[in-house]
Amino acid sequence: MKAKVAFFDFACCEGCQLQIANIGEALLDVLDKIDVVEFREVMSEKSGGDYDVAVIEGSITTKHAIERIKEIRSIAKVLITIGACASIGGVNGMKNNFELPEIKKYVYGEDEKYFDSVPTMAVDQVVKVDYYVHGCPMYVPEFVTVLKHALMGLPYKAPEKSVCTECKLNENECLFDRGLTCMGPVTRAGCNSWCVNNGNICYGCRGMLDDPAKTGQIEILKKHDIPLEWVTNKFNMYNKAKDVKENENE
Amino acid sequence: MENLVILKKEDLNDFVMQIARTKKVVAPVRKGVKSFAFEEVTSGARIDLDYTSTILPPKKYFLPQKETIIEYDKRKKEWTPTLYSEEIVLFGVHTCDLFGIQCLDIIFSENPKDFNYILRKNRILIIGLECSNYCDENASCALMDNQNPNGGYDLFFTEIDDRFIIHVNTYHGEKLINKTGLCTKADKRDVSELRLLKERKRNVFKNEVDIPYAELKPLFVNAMKSKVWDEIGEKCVSCGNCTNVCPTCYCFDIIDDINLDLNTGTRTRVWDSCQNGSFAEVAGGENFREDRGERQRHRLNRKFNYPVSKFRRYFCTGCGRCTRACVAGIDLKETINALIEEKKGNENG
Ligand code: SF4
Ligand code: SF4
Ligand code: SF4
Ligand code: SF4
Ligand code: SF4
Chain A
1 MKAKVAFFDF ACCEGCQLQI ANIGEALLDV LDKIDVVEFR EVMSEKSGGD YDVAVIEGSI
61 TTKHAIERIK EIRSIAKVLI TIGACASIGG VNGMKNNFEL PEIKKYVYGE DEKYFDSVPT
121 MAVDQVVKVD YYVHGCPMYV PEFVTVLKHA LMGLPYKAPE KSVCTECKLN ENECLFDRGL
181 TCMGPVTRAG CNSWCVNNGN ICYGCRGMLD DPAKTGQIEI LKKHDIPLEW VTNKFNMYNK
241 AKDVKENENE
Chain B
1 MENLVILKKE DLNDFVMQIA RTKKVVAPVR KGVKSFAFEE VTSGARIDLD YTSTILPPKK
61 YFLPQKETII EYDKRKKEWT PTLYSEEIVL FGVHTCDLFG IQCLDIIFSE NPKDFNYILR
121 KNRILIIGLE CSNYCDENAS CALMDNQNPN GGYDLFFTEI DDRFIIHVNT YHGEKLINKT
181 GLCTKADKRD VSELRLLKER KRNVFKNEVD IPYAELKPLF VNAMKSKVWD EIGEKCVSCG
241 NCTNVCPTCY CFDIIDDINL DLNTGTRTRV WDSCQNGSFA EVAGGENFRE DRGERQRHRL
301 NRKFNYPVSK FRRYFCTGCG RCTRACVAGI DLKETINALI EEKKGNENG
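Keeping their order, the protein sequence lines are chains A and B. The numbers in the first sequence follow this note's numbering, run straight up by one, and end at 250. The numbers in the second sequence follow this note's numbering, run straight up by one, and end at 349.
So here's chain A without its partners, still in its complex pose (with noise of 0.2 Å):
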């Protein structure tokens, strides 16, 4: 029998279905292992019932989004979370910089009051999530490695080293040798240093390493002279939505 698969989308651009759509052959192969049941970008088919596997992309921005994602959790057995709005909130948490009234009226205008809208969160401030696939977009590689741990479930946890590790695995030049600032050394491995190995800094996509060595990284700033909050905005870019407490939204 072969496993039902649904992708749903939350608030995000779905540019990690895009990539998805984008894997090509590998595709394929997946498939024969899997029957989509729910997929925007690449089929319209649409049937409702249990999902063996419930594949998220998004973050949850509104009450009726708590609503829908609880729902979803209640009829999947396995719930995995792709890229970096649906694995720690991503973009949208950039709104949460804000007082949300103030947020809302900036964005909306005089029709501010007909829309519903919380502070950002990721999926995992919600429900329970089995596995993250991380990353702006994610990384595909990683999706398929995730995807089969899925199936055959099995555990799979993200590299909790830097990304850096990656970087100098592919002999990249270090992008502090050139005088730029790179988040590479805080941000965690698994997308094989994507960004370095074309010639970008990290922008910290993947999010922060659980224990990001603060004092550390401080002295790198200085050693540099950049200026601390050049890095926590850089950072706020992604994990802003992490700084809601639990059940805060409910």
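Any given hint might turn out to be false.
[Claimed, not checked] One side only, chain A facing chain B, incomplete, derived with CB under 7 Å:
1) Lys148
2) Lys168
3) Glu171
4) Gly216
These are computed hints drawn from the structure, not numbers from a lab. Bear in mind the structure is a predicted one, so any value in this text is a computation, not a measurement. For each residue, glycine too, the CB sits at the ideal point set by N, CA and C.
Given chain A's structure and the hints, the job is docking chain B with the ligands onto it.
Just chain B with the ligands now, with coordinates in the frame of chain A:
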């Protein structure tokens, strides 16, 4: 003189092109703005003879960053060991890195032998290159006594004026020289110029740290409780750069992966680092080296203390890479100096 031959510098390009016709040649080339890396070359054009140090040491050819060691098929219950190796001529290895390769040889030849390493190594011909000056201020090769060649190569190039004086050290090296037909025998003048260079080097390369070679091990043995580790631990961000770039770090992790058919798959070995928080974590969640300072202490004891007891040699080559690669600016020579200062302080008070 027997084993010395001469290659004109203008013939280096031909030399490399000839070899590259039948073998893969890797050599130091510029990478990025101020870095270098060993990469495949087909002529002498890209080779940078004045390179300082490469980002990764040549160990990546002996122990690749990622290597498939087993392919399996669950349904057929088949496990097939795999070995990837190729014939390589490794050109331009500095003396510190020659020493690093010798360290890896010792580790992987111990029982149980690592056949993947040994078989791969047997197909790599090593050509050394002498440093007549320091690569940069991070080096400590004179402290480790690695500024001069001490074996571990097939051919060794010393650049003097318009030529290379080449020491032919092995049968394979000799075969390569004969095949290119570009070299001539060295004469008395070459030998005396080589001697002059060695003399000049004695004035250039001086122990970079204020401690004799033999005292290094006791320094580390007695510094297990040093405050220096706490200070370093405050700065270190555990990025793992210092171990990945180290020519004598060889720790690896084993990863099993399954293909999408959920039946066949591979087992790979990838470089690991004792600086990663989870490195010394065991089942049940106990972590033997939770503290960053402890992890740095461990790293340096694996260079200056434990291997001396086990193999009677230091496992630091003095290449300076750990200092160059540390994003937090932790400097090996400064660390050793801090330990020396602390020791003096303890003795005096
Ligand atoms: S470029 Fe960034 S990720 Fe790579 S080693 Fe330097 S700090 Fe780390
Ligand atoms: S290098 Fe950094 S920003 Fe780029 S994908 Fe990886 S974690 Fe994200
Ligand atoms: S550390 Fe010494 S031997 Fe090594 S490259 Fe620098 S100068 Fe040469
Ligand atoms: S410890 Fe540092 S200086 Fe010594 S061999 Fe390793 S990288 Fe080179
Ligand atoms: S390179 Fe520096 S910051 Fe990174 S693990 Fe090593 S000592 Fe720590």
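To see whether the hints hold, each was checked on the structure:
| no. | hint | result |
| --- | --- | --- |
| 1 | Lys148 | holds (6 Å) |
| 2 | Lys168 | holds (4 Å) |
| 3 | Glu171 | holds (5 Å) |
| 4 | Gly216 | holds (4 Å) |
The structure is consistent with each of the numbered hints, conforming to all of them.
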